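Asks: Let chain X serve as the given structure and place chain B on it in line with the hints.
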Amino acid sequence: MNEHDSSQLGAYVLGALEPDEAREVDQHLATCADCRAELAELEEMKEFLGEVPPEAFLEGPPPDGDLLLQRTLREVRTTAAPERRRRSRWLMAAAAVVVIAGALAGGILIGRQSVSPADAPVAGAKQVIATDGTTGTTMATTVEPRGGWSWVEVKLTGLKAGAECEMLVTDKGGKTWVAGTWSVSEKSAREGSWFAGGVLVPIDQVKSVQIRTLQGQHVVTTEV
Amino acid sequence: MWVPAVAGIVRSVGDYRSPEAAEALVRVLYAEHGRSLLAYATRLTGDRAAAEDVVQETLVRAWKHADDLTEGKGSVRGWLLTVARNIVTDRARARAARPTEVADVEERTPVEGDHSESVVNTMVVLDALDQVSAEHREVLVQLYYRGRSVAEAAKELGVPPGTVKSRSYYALRALRAVMSGDPVPARGKGEVAR
Numbered sequence: 001m002n003e004h005d006s007s008q009l010g011a012y013v014l015g016a017l018e019p020d021e022a023r024e025v026d027q028h029l030a031t032c033a034d035c036r037a038e039l040a041e042l043e044e045m046k047e048f049l050g051e052v053p054p055e056a057f058l059e060g061p062p063p064d065g066d067l068l069l070q071r072t073l074r075e076v077r078t079t080a081a082p083e084r085r086r087r088s089r090w091l092m093a094a095a096a097v098v099v100i101a102g103a104l105a106g107g108i109l110i111g112r113q114s115v116s117p118a119d120a121p122v123a124g125a126k127q128v129i130a131t132d133g134t135t136g137t138t139m140a141t142t143v144e145p146r147g148g149w150s151w152v153e154v155k156l157t158g159l160k161a162g163a164e165c166e167m168l169v170t171d172k173g174g175k176t177w178v179a180g181t182w183s184v185s186e187k188s189a190r191e192g193s194w195f196a197g198g199v200l201v202p203i204d205q206v207k208s209v210q211i212r213t214l215q216g217q218h219v220v221t222t223e224v
Numbered sequence: 001m002w003v004p005a006v007a008g009i010v011r012s013v014g015d016y017r018s019p020e021a022a023e024a025l026v027r028v029l030y031a032e033h034g035r036s037l038l039a040y041a042t043r044l045t046g047d048r049a050a051a052e053d054v055v056q057e058t059l060v061r062a063w064k065h066a067d068d069l070t071e072g073k074g075s076v077r078g079w080l081l082t083v084a085r086n087i088v089t090d091r092a093r094a095r096a097a098r099p100t101e102v103a104d105v106e107e108r109t110p111v112e113g114d115h116s117e118s119v120v121n122t123m124v125v126l127d128a129l130d131q132v133s134a135e136h137r138e139v140l141v142q143l144y145y146r147g148r149s150v151a152e153a154a155k156e157l158g159v160p161p162g163t164v165k166s167r168s169y170y171a172l173r174a175l176r177a178v179m180s181g182d183p184v185p186a187r188g189k190g191e192v193a194r
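So the protein lines, in turn, are chains X and B.
Counting from 1, one number per residue, gives the positions in the first sequence under the working numbering.
Counting from 1, one number per residue, gives the positions in the second sequence under the working numbering.
Among these hints, one or two may not hold up.
Said to hold, decoys possible - Distance condition first, Cα-Cα at most 20 Å in a straight line; then the derived SDA-like pairs of lysine to any residue: (1) 155(B) <-> 21(X); (2) 64(B) <-> 75(X); (3) 172(X) <-> 125(X); (4) 187(X) <-> 123(X); (5) 207(X) <-> 145(X); (6) 46(X) <-> 177(B); (7) 64(B) <-> 74(X); (8) 155(X) <-> 174(X); (9) 155(B) <-> 18(X); (10) 64(B) <-> 172(X); (11) 160(X) <-> 131(X); (12) 64(B) <-> 77(X); (13) 64(B) <-> 80(X); (14) 64(B) <-> 79(X); (15) 46(X) <-> 64(B); (16) 207(X) <-> 140(X); (17) 207(X) <-> 135(B); (18) 64(B) <-> 147(X); (19) 64(B) <-> 160(X); (20) 46(X) <-> 176(B); (21) 187(X) <-> 155(B); (22) 64(B) <-> 55(X).
Stated by the list, open to error - A few chain X residues that don't get close to chain B, going by computed Cβ distances all over 10 Å: (23) 6; (24) 11; (25) 18; (26) 23; (27) 30; (28) 128; (29) 131; (30) 132; (31) 164; (32) 170; (33) 198; (34) 200; (35) 221.
What the hints contain is simulated information worked out from the structure, not anything from laboratory work.
Being a predicted model, the structure only gives us computed values, none of them experimental.
Think of the CB as a built atom: it goes at the ideal place given N, C-alpha and C, for glycine as much as any other residue.
Isolated chain X (complex conformation):
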């Protein structure tokens, strides 16, 4: 090896030189402090390479692994499913608003039946229940945290059939947000009414949830 022909050192460190070439490098290293210092640096890099398993450089899917993929997808689908139910309820709540808007315009009242009962609340959710002394309406409110917004679900008993309601969320700054409107069917008046909507208020800023008729009459309020 020529003096300071450091380009041999890479292959030397990686153990890829032929035995006679490696011996030449050994001999040179014995007499050259510069190359020994450089060698130490390269060896450090080799140590780093050792942190990565050789399998890291295989590409693509495994051969004969389709069953494994299907099994994994099944597990993920099963786990992801509760989220889908929430999302579809959100869509149904949104659809209810559209129905009501159309109904009011046409002068026809379309009752909205209650949707499936709420799932177990997610982590960080708040639940409160209150009964209004005047109207006799009881409301169980669940507020679930989302990414910077909140999902509000209410279960109401004691509403009058035909009543047109809106759900209002007031934040700690005093601003009031409409989280949806609906009308109460005979069945919901009898068996209880479920409603939900989203508001662009972080959960720690949600102060209260109020139900009011579209005519502006107070029905019930829960302080969160």
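Replies: Frame of chain X; chain B shown alone:
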């Protein structure tokens, strides 16, 4: 890089928690990294069935931690391999400890395994390897990870042995530059494949 593919999926589908996005994410991860993961897990466990369980759990965790994968900008493969190794280690420890120390095993938080120091190292090194040029990475893979001699690598890569030697030297220097945060040598830039 692996990251953009995953980030693209998450962005295009929106909320990866929806079953559709979750499925898309898992399919992409499986198609890109499945072979690597299963081979690694098979070597560690010495058992194909156990290895498949490990891969399944790894992909499920990847989906649950999709934020880390997409926002961290780190090597997705490094993350997956590390998690797979932790799962294997945790299971081996649990098996070894169970007869006498059931309580200890149950109390141990599995989270620890996700963020131990060697975890970071695998990811850091794979990241660094992603930042050197494809030529440099290739020669390191041949000589170090595949254990080839200079002559074998020269044949495989279709370049003279002298080129393999000098490239391996400059590859290690480039790696060192990346690891120490220095600017990558010019030819390393813009050549990042994968």
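Asks: Now tell me, hint by hint, if it's right for this structure.
Replies: Structure-based check of all given hints:
With a CA separation close to 18 Å, the supplied pair residue 155(B) and residue 21(X) stays within the 20 Å bound. For a cut-off of 20 Å, the pair hint linking residue 64(B) to residue 75(X) stands: about 12 Å separates their Cα positions. This hinted pair checks out: residue 172(X) and residue 125(X) have alpha carbons roughly 17 Å apart, not beyond 20 Å. At roughly 32 Å between alpha-carbon atoms, residue 187(X) and residue 123(X) are farther apart than 20 Å, so this suggested pair is violated.
For the proposed pair residue 207(X) and residue 145(X), the alpha carbon gap of about 14 Å is at most 20 Å, so the pair holds. The hinted pair formed by residue 46(X) and residue 177(B) meets the criterion: a straight-line CA distance of about 14 Å does not exceed 20 Å. Between residue 64(B) and residue 74(X), the direct Cα distance comes to roughly 15 Å. Compliance with the 20 Å bound is thereby established for this hinted pair. Proposed proximity of residue 155(X) and residue 174(X) is contradicted: the alpha carbons are some 24 Å apart, above 20 Å.
For the hint linking residue 155(B) to residue 18(X), the alpha-carbon distance of about 15 Å falls within 20 Å, and the restraint holds. With a CA separation close to 32 Å, the supplied pair residue 64(B) and residue 172(X) exceeds the 20 Å bound. For a cut-off of 20 Å, the pair hint linking residue 160(X) to residue 131(X) stands: about 15 Å separates their Cα positions. With a C-alpha separation of about 12 Å, the suggested pairing of residue 64(B) with residue 77(X) holds against the 20 Å cut-off.
Between residue 64(B) and residue 80(X), the direct Cα distance comes to roughly 10 Å. Compliance with the 20 Å bound is thereby established for this hinted pair. Distance check on the hinted pair: residue 64(B) and residue 79(X) sit about 10 Å apart at the alpha-carbon level, within 20 Å; holds. A threshold of 20 Å between alpha carbons decides the hint, and for residue 46(X) with residue 64(B) the separation of about 33 Å lies outside it, so the pair is violated. Proximity of residue 207(X) to residue 140(X) is assessed by CA-CA distance (about 15 Å); at most 20 Å being required, the pair is judged to hold.
Of the pairs offered as hints, the one joining residue 207(X) and residue 135(B) is violated, with about 60 Å between alpha carbons and a cut-off of 20 Å exceeded. Of the supplied pair hints, the one linking residue 64(B) and residue 147(X) holds, its CA atoms being roughly 15 Å apart against a limit of 20 Å. Simply put, residue 64(B) and residue 160(X) have alpha-carbon atoms about 44 Å apart, too far for the 20 Å limit, and the pair is violated. About 10 Å separates the Cα atoms of residue 46(X) and residue 176(B), which keeps this hinted pair within 20 Å; it holds.
Distance restraint check for residue 187(X) and residue 155(B): the Cα-Cα separation of roughly 80 Å exceeds the 20 Å cut-off, and the hinted pair is therefore not satisfied. For the hint pairing residue 64(B) with residue 55(X), the CA-to-CA distance comes to about 24 Å; that exceeds 20 Å, so the pair is violated. Distance check for residue 6(X) against chain B: the nearest CB is about 6 Å away, which does not clear 10 Å, and the non-interface claim fails. Not every C-beta of chain B lies more than 10 Å from that of residue 11(X), the closest at about 5 Å, which undercuts listing it as non-interface.
Its closest Cβ contact with chain B, about 7 Å, brings residue 18(X) to no more than 10 Å, contrary to its assignment away from the interface. Every Cβ of chain B is farther than 10 Å from the Cβ of residue 23(X); the closest lies at roughly 15 Å, confirming the non-interface assignment. Every Cβ of chain B is farther than 10 Å from the Cβ of residue 30(X); the closest lies at roughly 20 Å, confirming the non-interface assignment. Taking the minimum C-beta to C-beta distance to chain B, about 26 Å, the non-interface status of residue 128(X) holds against the 10 Å cut.
Once the 10 Å rule is applied to beta carbons, residue 131(X) is consistent with being away from chain B; the minimum gap is 35 Å. Every Cβ of chain B is farther than 10 Å from the Cβ of residue 132(X); the closest lies at roughly 36 Å, confirming the non-interface assignment. Every Cβ of chain B is farther than 10 Å from the Cβ of residue 164(X); the closest lies at roughly 32 Å, confirming the non-interface assignment. No beta-carbon of chain B is positioned within 10 Å of the beta-carbon of residue 170(X); the least distance is around 27 Å.
Distance check on residue 198(X): its Cβ is at least 13 Å (rounded) from any Cβ of chain B, clearing the 10 Å threshold; non-interface status holds. Chain B leaves residue 200(X) outside its interface by the beta-carbon criterion, the shortest separation being 16 Å against a cut-off of 10 Å. No beta-carbon of chain B is positioned within 10 Å of the beta-carbon of residue 221(X); the least distance is around 31 Å.
When held up to the earlier numbered hints, the structure conflicts with 4, 8, 10, 15, 17, 19, 21, 22, 23, 24, 25 and fits the remainder.
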